[in-house]
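S.K.: Two chains, two frames, a set of hints: combine them into the complex.
Here's the letter readout for the chains.
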Amino acid sequence: MNRKILINEQDIPREWYNIQADLPNPLPPPLNPETGEPITPDMLAPILPMNLIEQEVSTERWIKIPDEVLDRLLMWRPSPLYRAYSLEKFLQTPARIYYKNEGVSPAGSHKPNTALAQAYYNKVAGVKRLTTETGAGQWGSALAFACNQFDLELKIYMVRVSYNQKPYRRIMMETWGGKCVPSPSPDTNAGRKFLEQSADHPGSLGIAISEAIEDAVTSQNTKYSLGSVLNHVLMHQTIIGLEAEKQLKMVGDYPDVVIGCAGGGSNFAGISFPFIRDKIHGKNVRVVASEPTSCPTLTKGPYVYDFGDTAQMTPLLPMYSIGHEFVPAPIHAGGLRYHGMAPLVSRLCMDGLIEARSYNQLETFGAGITFARTEGFIPAPETNHAIACVIEEAKKAKEEGREKVILMSWSGHGIIDLPSYDAYMSGKLEDYAMPDEEIQKLIRDLKRCK
Amino acid sequence: MDIYCSQLGMMTQLTYCLSMNEGLPCRNVIGCWEARIDIMALLKGAFTEEELRKCFSGLPKSRLDRIMEILRAIDKEK
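Protein chains in written order, with the working numbering: chain R, 1 to 450; chain C, 1 to 78.
Distance windows between CB atoms, simulated:
#1 C:A73 - R:P26: 28 to 36 Å
#2 C:A35 - R:N221: 44 to 52 Å
#3 C:R53 - R:T35: 22 to 30 Å
#4 R:D22 - C:A35: 32 to 40 Å
#5 R:E430 - C:A41: 18 to 26 Å
#6 R:K283 - C:N21: 42 to 50 Å
#7 R:M425 - C:R53: 37 to 45 Å
#8 C:G58 - R:K283: 37 to 45 Å
#9 C:A35 - R:D67: 45 to 53 Å
The hints are simulated quantities; they were obtained by calculation from the structure and are not laboratory data. Cβ coordinates follow ideal geometry from the N, Cα and C atoms, glycine included.
Next comes chain C alone, as it looks inside the complex (with noise of 0.2 Å):
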């Protein structure tokens, strides 16, 4: 099944979806795909409550937060 991702720019599928963010969905996975599929079914089959967690939990990180966060584990690595 295709999707237009507006983060890609481009047509893609419901597998990479699923799998793109280190084997767990796309944070947008839901908004995305509510209105065509019963994707809540497909995550809950899919996917263990902890790894839902950690996909889902919180709020997602602004486009700064995450420059920060890389910055930090890049000085980490050092």
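With the rest of the complex left out, here is chain R (with noise of 0.2 Å):
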């Protein structure tokens, strides 16, 4: 049996699959935090084109994939499904596990799906630049490859410790002919208000963001542009389970299993969504989210400290304390607002057709070597989270006896990520009794710097 599974350029899909056709229970409208009425799409447009906030807002089911986008997308897809035979065999189970390798786009993760789509409407809308912020650089790569490829211009707002630490990311957006700057930046006034406070301010995802959107606002024909959580964003990456359900037919497998990571929710719901669709339809299938314990979404809310005078949502699952103010919110506290996670994906955890679990950061970067060193290949370290599962998956069958079928997305490589590779095995993340006076020597250096 062959490794690599693979289908022809031309039976790739061409359309997306909206789960909000599907979605037992429809999303509600998201609220203005502020009145609590609903967000209009009008309130979007100015900082996305018109087409796009209907595809937002759209429960068409499927969605045509514009020929030059299509175009764009055969420049590594259909990518390849890996049937993982060394993993297996390392793990001794009789699971069948496989993966899609989303790491051999140009920019190296599944980004691109969506970068390629959201280039291509601003394109056709008019729109002569983009904005958008990045953290890790992922993104940002992925949309400066995406902007090129429609001649678009492209500002990119990357948080500058980032910035200063990962130059590899910065020069691949570069090359594509984006514009990189380090956020906090001059450029904005969000950007200036914090270089007043210190002019080597280490920034932040949420400066960065201001930063973007600001610029999209005040500039001519400009738009903002996000890789995760928007439902538009969500249905682009379809294309991977899409595919991956004609490549797993092709060997004659269904998978017992779906996983992947969620972060934002994007990759997860590539892969997932085609699926989930047939679970609502009555097919068996068990989908999981994996994702960081240090940054839950879907398996614990988040800390919040004094909650008492918020306590009056309805906590689904058991508080319990940590100190004696600090509680993690009940996790379906203010319905869906999760904080980093997509609102779809938020609702399928709701109505119990997706599962969470979550894992430390040691236990993951510990399958990620595990699979770079059965598979070869290195993963991104948000990639690691869904090995992480994937492995406890494959342990679990083992002990049952059962030939059971793991489907996996593969989001990215860890190519550029090596130097927390680097610090995973000289133990630099190991937990560590930190003694008392450093505890009071950092307390010290807070207060002085305040």
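M.R.: Shown next as structure tokens:
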């Protein structure tokens, strides 16, 4: 049997799947936090072109992929589906493990699937220039590639600390013609405010978002683009799962469990939504979102201080105290307000259509190393969350003596993330009993800086 | 001390996590560090109750909430 399962270019899916058409409980409109009124499409018009806003609210099940987008996707799509024979052998599992390799795109991750679509729709809407923010640089580099393909200008606000420490991502963006600046920058009111406080302010993703949006709203023919969370972004990624369905069919398999890492939800949506459609229509398939324990959005609520005054929201998970005043907020508090997760993924979790698991960074880097030493490819750190979950499922299959079929999205390669592997392998990520004197010194330093 | 920050996609240091939010900690600092150090002692020692409340009260904003908030602020500045 082949390691790689490939479909021909002419068999690439020609439509995206829009899960909003099949949701058992439709997604309620997002609410304006100030007024409590629904956010209407026109409120997004300052930052998004109308054709993407229409996709955002569409409930059509299938949406045609424009030929111009398909033509660019064919640069690397259909992406290969691999049978992970070496990992299976290492784990001595009866499970059949498949992974969809999205690391073969020009930017090295799944992100170009939506970047190309967004660049195209902006182009046909007459937009000349896009802005965005990037933390790790993965989204910024994907959008730089896409804007280059559709002859759009792009300005990327990259969190300064990342800009300084990840030069290769910046160089990728610039190679494709994107203009990448460290955020906070002197180019926006938001950026200048922080630079006045400190000329070498390290920045944060929040500041970079503010700068990118301000630039889009105050510049001519400019819109904003983001790589996760929104409905249309998730829909553009469904080509991953639609291809995987065809590829598995070629070898006569269908997954018992589909696994994807879930940060903002786009990669997870890409691999899983087509299979969730089957599940909604009666198929027996489990779908698991794998997230970091450090920033959980599906498995645990965020920590809040002195939560008593806002406890009118009904907790659906038991709360427990950490310290005296800190408690993790109830995960279903406020309906769909999972802070970093796509509302569509949150809805599916609440409806019991997906499961969620969390893994700590030591487990995930360990899983990534196991994968690299068996299958060869070095995964991106976020991909490692999915791999940790796959390994857990494969071990369970071994214990149960079951021939389970596991499908995973291998969302990107980690070639530009090697310092984090280095930190793991040199023991820098291990738990550490910080001596009291070190804690006191840190407290003194922090107080001095305030 | 280093940690892998999933928001920045890179290794970062505890001092960044404790000060990146206009001198206040990152909203995720507890989840990221609680398994490794006594983060509660650090927070309570370094920040006042008012600062902790400012940083951790209420639920974090969703991305769409944040976008709407920025748009409103830009509108007000015009």
